[in-house]
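Number of protein chains: 2
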Amino acid sequence: MELDLLRELSVPSDSKILMLVIDGLGGVPNETGRSELEQAHVPHLDRLAQESLCGLTVPVAPGVTPGSGPGHLALFGYDPLTYKVGRGVLEALGIDFDLQPSDVAARGNFCTTDDAGRIIDRRAGRLPTEQNAETCALLREISIPGVQVFVEPVREHRFLLVLRGEGLSDRLTETDPQREGKEPLPVRALDADAEPTAALLNEFIAQAKAKLAGRHPANMLTLRGLAKHPPMPSITETCKFRAAAIAAYPMYRGLAKLVGMTVLKTGMTFAEELETLRAHRDEFDYFFIHYKPADSAGEDGDFQKKIRALEDIDGFIEDLHAFQADVFMIAGDHSTPATIAGHSWHPVPFLLHTQSFARHDGTEGFNERACANGVLGTFPAKEALSLAMAYAGRLAKYGA
Amino acid sequence: MELDLLRELSVPSDSKILMLVIDGLGGVPNETGRSELEQAHVPHLDRLAQESLCGLTVPVAPGVTPGSGPGHLALFGYDPLTYKVGRGVLEALGIDFDLQPSDVAARGNFCTTDDAGRIIDRRAGRLPTEQNAETCALLREISIPGVQVFVEPVREHRFLLVLRGEGLSDRLTETDPQREGKEPLPVRALDADAEPTAALLNEFIAQAKAKLAGRHPANMLTLRGLAKHPPMPSITETCKFRAAAIAAYPMYRGLAKLVGMTVLKTGMTFAEELETLRAHRDEFDYFFIHYKPADSAGEDGDFQKKIRALEDIDGFIEDLHAFQADVFMIAGDHSTPATIAGHSWHPVPFLLHTQSFARHDGTEGFNERACANGVLGTFPAKEALSLAMAYAGRLAKYGA
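Protein chains in written order, with our numbering: chain A, 807 to 1206; chain B, 807 to 1206.
Okay, chain A solo, but in the shape it has when bound (with noise of 0.2 Å):
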């Protein structure tokens, strides 16, 4: 459902909606025949899958591997093809930089230079993380009348460049020039309204330049994905809703403040990220609560891992069941296949349980075939949201 269509319809009430967001959820048969869910052992939420309403959703659209923004996106609501996040804005949520609207973030990376200045080092040697912070401190005596500049390292060769100021434009070109053996190019502007920040840029890598001048192997930078925060329509305004978000890791937690949630304090743990959801209760009406665990192990490609990823949020699955959410849905921003060690397009297993006015269709369990045979088929994530709302009560008729 379009956002202007569900701020159309929805309507306030007391009941309780809870995401459980297993990141890299999907995955893919290894030579077994069958993938890390098939072959986990989760019974819990085998039995939830069979109480509920199952299906797989589709993130941006088919074929299409989603990085950690459009999957979260999607599952909040928001058409990640209409609404985008910049790489540098998802740098910043990365290191829970406090990104303001009109501030301009790009991802930063140290690189090598030759005498002639071509690049001999995209990556800098993958610098060491303390020396990437030792030379970001040198970058931030950098000063440029009329705006605040921020650089803050992130890790290994990467670090966030922040110009804070007015009539800042992010239409900006990147000075990557993709390939070794090439100068980095100056920052261009797409239209005339970015001529000045494109300016300010220019000034400053020619500052940084000389400041990293005869260091090694950090002695140049090039930036990227140059961005604003993107206008956004908060999911509180729009589902008239207190909404809370409870994720260990930054990027998630910068996701959902992106959209209108409150972000939670919260620890390490899921075991603590439930102690977070259990003692806000009554401040909230919808929740998204996230575990990471099973995205990474898919990244590192290590099938066992997943398997235990998945199983110990299976011991979970009961705890979040007795929040007594009117709504409960598990659902993946993407899937993270180990065989493949990375994100995929590949449809995600998808759950909505609730307490009334709900077709379960006796799926046999939470896995990605048993999944595409749910009730709900095989849908936009994007959707998921107006369902929940629906059967949480908060959608009026449409048309008379």
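Quick caveat, the hints were computed from the structure, so don't treat them as lab data. Any given hint might turn out to be false.
[What the hints assert, rightly or not] Partial selection, computed: residues in chain A whose CB lies under 8 Å from chain B:
hint	residue
1	Leu811
2	Asp1167
3	Val1181
4	Gly1183
5	Leu1193
6	Met1195
7	Lys1203
8	Ala1206
Bear in mind the structure is a predicted one, so any value in this text is a computation, not a measurement. Note that CB positions come from ideal geometry on N, CA and C, so glycine has one too.
With chain A fixed as given, assemble chain B onto it according to the hints.
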């Protein structure tokens, strides 16, 4: 399929399409775990489903509960999010009022105000219908220069107001303050073009107030859903067929007329509707025939009565089959689960029966769960028309 594409591809043919709309068809399980359709003894529907293409239709969008207008427009091939029918227009259709394209229609409610003009009963004690008619007769004495005024009783406190004249606009606000203890609001124009219409309506309201003063309980009125007949492409032109509508209730006749169908005179029972269908076989190519009792029983929250309504229509399926349409569809405009006692967002069982070129799926019966596993899957209701056109040999190839 978009109507423009349908218009481009449609070709004449001598094939016949029949669509039975079982109003409020879909349901959800009650405490037995089975829905109305699953509990009903409907052997003819079940057998037909086994020889048909089955699926579930989504009337508007996932999670959206449609009114009767959007539900039917979708089955007629019109995207209900694009083609909107205002409440005033539906009220006019509901009493067979012959609304013209330039008319502005409003749903009127008689109400009771106190001496200070504040509403103390928004429905005037649900006025007896005879008293409504009497009050409407009084309002018909109102004369406003430049426009014709129609005031027609509907039921209880509800009436229809229509202004007929040149240059009227429906970009207007409603006068119902939605709360007791408040005075009715004036009509306000939402753009400059609507100013004259707002002035005419406020003049009507002022005269009505004077005429109703001292009466009880209906001493005032409010106007809602001010709307004009929306511009609608004609289904007859789009599909190059002659389309007929057979419906006992005026609102469904009105909706069919809105999209350009010929409305056939018929009786109040389905047996009479069937007779009308047979009598006009040669004159038309497409027939929409409407069955109301399933919706009424669902609205009443009467599970057993809805079962009986479904069993009653089952008794007519052989007759409808014997009509030998090339394509015979059975659809619902929306679900009306008895457990909800109102319309709902649940996808609606659908079958398409055709003699030729069908991939039957051996669906076990005609109900929500069996149709969820049908070959058509879960699909937007507005696609039903183009599917029918294809199976009726009425669509040319797209592209070379």
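Check your understanding: With 8 Å as the cut and Cβ atoms as the points, is Val1181/A at the interface with chain B?
Key -> 5 Å, holds
Point to revise | Status of the Met1195/A interface restraint (C-beta, 8 Å, chain B) | key: 6 Å, holds
**Study point:** Status of the hint placing Asp1167/A at chain B (closest C-beta pair under 8 Å)
**Key:** Where the cut-off is 8 Å and the nearest Cβ of chain B is about 6 Å from Asp1167/A, the hint holds.
Practice item. Have a go at the Gly1183/A hint: is there a Cβ in chain B nearer than 8 Å to its own Cβ? Key: 5 Å, holds
Check your understanding: Do the numbers back the hint for Leu811/A, that is, is its least Cβ distance to chain B under 8 Å?
Key -> 7 Å, holds
**Study point:** Restraint outcome when Ala1206/A is required to lie within 8 Å of chain B by C-beta distance
**Key:** 4 Å, holds
Check your understanding: Minimum Cβ distance from Lys1203/A to chain B below 8 Å?
Key -> Cβ of Lys1203/A sits 5 Å from chain B, so the hint holds.
Review point. For the hint on Leu1193/A, does the least C-beta distance to chain B fall short of 8 Å?
Key: 5 Å, holds
In this structure, none of the earlier numbered hints is contradicted; all agree with it.
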